[in-house]
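Asker: Protein sequence lines, in the order shown, are assigned to chains A and B.
The numbers in the working numbering rise by one with no breaks, and the one at position 202 of the first sequence is 202.
Positions in the second sequence are counted from 1; adding 1000 to them yields the working numbering.
Since the hints were made in silico from the structure, they are not lab data.
Among the hints, erroneous ones may be present.
[What the hints assert, rightly or not] Computed footprint of chain B on chain A; a stretch qualifies when at least three of its residues, placed anywhere within it, have a C-beta under 8 Å from a C-beta of chain B: (1) 86-92; (2) 146-155; (3) 196-209; (4) 311-322.
[To be verified] Here chain B is said to cover these stretches of chain A; the calculated rule only asks that three of the stretch's residues, wherever they fall, bring their Cβ under 8 Å from a Cβ of chain B: (5) 159-171; (6) 219-228; (7) 269-275.
Heads up, the beta-carbon is just placed ideally off N, CA and C, and yes, glycines get one too.
Protein chains: 2
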Amino acid sequence: MNSWVQSAAGSGYDINHLPYGVIADSSGRRCVVRIGDLALDLKALEDAELLLAGGSFRHPTLDTFLSTGPASWHAVRARLIELLSDPAHRPAVEALLIPLDTVTPVLGWHVADYVDFYSSEHHASNVGRIFRPGQPALLPNWKHLPIGYHGRAGTVVVDGTAVVRPSGQRAAGDVGPSRRLDIEAEVGFVVGMPSPLGAAVSWRDFAEHVFGVVLVNDWSARDIQAWEYQPLGPFLGKSFATSVSAWITPLAALEHAWVDAPAQDPPVVSYLDDDRRALDLRLSVEWNGIEVSRPPYAGMYWTPAQQLAHLTVNGASLRTGDLFASGTVSGAQRDEVGSFLELTWGGAEPVTVDGQQRTFLVDGDEVVLRGRVADIELGAVRGHVLPAHS
Amino acid sequence: MNSWVQSAAGSGYDINHLPYGVIADSSGRRCVVRIGDLALDLKALEDAELLLAGGSFRHPTLDTFLSTGPASWHAVRARLIELLSDPAHRPAVEALLIPLDTVTPVLGWHVADYVDFYSSEHHASNVGRIFRPGQPALLPNWKHLPIGYHGRAGTVVVDGTAVVRPSGQRAAGDVGPSRRLDIEAEVGFVVGMPSPLGAAVSWRDFAEHVFGVVLVNDWSARDIQAWEYQPLGPFLGKSFATSVSAWITPLAALEHAWVDAPAQDPPVVSYLDDDRRALDLRLSVEWNGIEVSRPPYAGMYWTPAQQLAHLTVNGASLRTGDLFASGTVSGAQRDEVGSFLELTWGGAEPVTVDGQQRTFLVDGDEVVLRGRVADIELGAVRGHVLPAHS
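In isolation and in its complexed conformation, chain A is listed as follows (with noise of 0.2 Å):
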């Protein structure tokens, strides 16, 4: 299948993968579908008639459509194939795209509820390793679920959205910026079709609900949150910001790229007991623009379908617009790490970026998220450290 959009070839955003956004410029926000390096309206497609969905794409945001669940979702991808792949829907279609270089991304739906999970084995061994040298690296219940948290939804911020380094207490008495700002590297699961309270959500039913995938940098202050965290988990910590790349990527231009995931011992109960699909997405860390590690999402211990599967098992409901994050995304190398606490150990190894010896962020500092699965590239997450408000 290939598009009449010639530039999109081998971009990363061909006419397999187009993922949804929002974009935004003097006339105001539209939905827009990302091919190659332009974005095409959805609502000028949708007011033209050339795509029936039922005014989903009237709306300034994202939200409508992800409400309204797989077989809209299938339907609406297919007739976009079909105009962009189509040259006889040139002409109408071609007239509605729009050059990205001329409008800002911005944060595409409303995040209704944020949980970061944590099921890097890798990763949880070695924050054990790093804080409670000597004891096992593992907590007793981590391989018995996908251990998870809330976040702040309300600090969700898009791709290229500058970080000011937070304050905060870190340690008794002792109050000011963070020394020790960090990034987490996670691969997040945008929920489209809500469920009813007190339902459990089963791990089959994964696809029936989730509609795609973003990239995540979870930020961190490692200083605040080793403070804080005892015995409610990370707060403050975490909550300034958490930054997600601008385009979602639908499940339905990831199906060629599912793989066997880790096999887990000992067995899990029965709500967890999948069928061990993982995707296949290498990502990529690149501290000013010097590529530093090559986390394998492949990898993790849990699943996304478990992960769902666990957070609703107590009843817990769905709305559109969750997000649920995988946790840092480590492999078993230190060059596959998805923190600077695991790339620096703790701070103790520094590393070498562009010529300096570094450990954690530092005022000034670029962070950009990438990730990868054959010829389809996720969007990237930017941030730039900016300081503490004095």
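Keeping the supplied structure of chain A fixed, place chain B upon it in accordance with the hints.
Answerer: Structure of chain B alone, referenced to chain A:
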């Protein structure tokens, strides 16, 4: 100041109170203010130009009104007091009063982010003694900052909503309905005015941002919570349901309810060094119609102004509709605790409820939380326990 609504006198909802809510009936949802057992239709009042509120009440939730800020809140309240006290307005206004027994109160606002604190020294000490016997009752950070975490905003439900007993992992390999279903009696604060990302909010600006007060029952499954909470805090043990009262009592109605909060030792850091003002609310916990506890809110170690300052010290933004709750309100005495965990000392010391020996909640139980200060009665929070889904 007296109202011409004579049945309001002595009801806990007289003209000095006037809490806001949303009611539903066959003609839809409407914003109302409560007086006695009547609801004044604010949309009808605006439509009749008896109230000028910029169309705030032409929405089916209180969100727009909450977002308008303190000057608007005070002007609307002053006008409502005028309309409900001056007999000259009675003929026009009386026609817009709706008996509450003909309508259903619903959740009146969109809960943006939900944060739950842990601010009663008695509660935190009791939990420490029950779960970590032989160790210090409080963890080292507890007196330095108000410990808190994010809960699930999407499962906040209104007074009267039945709660399905949650299922989940009670221990390794052990899945089933919670056997230790509990309550937490709390006071919640509803944010009206947002704050920008990157800027801390001072405790001095509490009344600029917080609109009012609700009662909260933070239902808790202690077995699920105990197994999951290390190291990222409570998750499924809490996320199945959090109940709030249907009526938001504006801070303006509580101006005479402030008393001195307990002194703090050791001294706190500067951003938490507030003026020690506590709301003198006395809660009540009824279990199947029997009052089993009277938790005193004024004795909380951390004040709501400190909680607000802490929540934002890292630059986290506030959104209209954010809810932050006090944490379980427990006093020094056994009959002043806000959870059955404490009331029955971890289940080891059953209490007699209506002739039966009881520890945690059984199916069919009903819990009602109430709160009062002087002649103001906060809206109740009722919840009935339904059996787990099989």
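Asker: Closer than 8 Å Cβ to Cβ for three or more residues is the test here. Does the stretch 146-155 of chain A pass it with chain B?
Answerer: holds (count 9)
Asker: Please verify the coverage claim for the stretch 311-322 of chain A: does it have three or more residues whose C-beta sits within 8 Å of some C-beta in chain B?
Answerer: holds (count 9)
Asker: Three residues or more, CB to CB closer than 8 Å: is that satisfied between the stretch 219-228 of chain A and chain B?
Answerer: Since 4 is at least three, the answer is holds.
Asker: Do at least three Cβ atoms from the stretch 269-275 of chain A come closer than 8 Å to Cβ atoms of chain B?
Answerer: Per the Cβ count (3), the hint holds.
Asker: Counting residues of the stretch 86-92 of chain A with a beta carbon closer than 8 Å to any beta carbon of chain B, are there 3 or more?
Answerer: Not satisfied, violated; 0 residues make the cut.
Asker: How about the stretch 196-209 of chain A: do at least three of its residues have a C-beta closer than 8 Å to a C-beta of chain B?
Answerer: It holds: at least three residues are needed, and the stretch 196-209 of chain A offers 4 whose Cβ sits within less than 8 Å of chain B.
Asker: Count the residues of the stretch 159-171 of chain A whose Cβ falls closer than 8 Å to any Cβ of chain B, and tell me whether that reaches three.
Answerer: holds (count 5)
In this structure, the one hint that does not hold is number 1.
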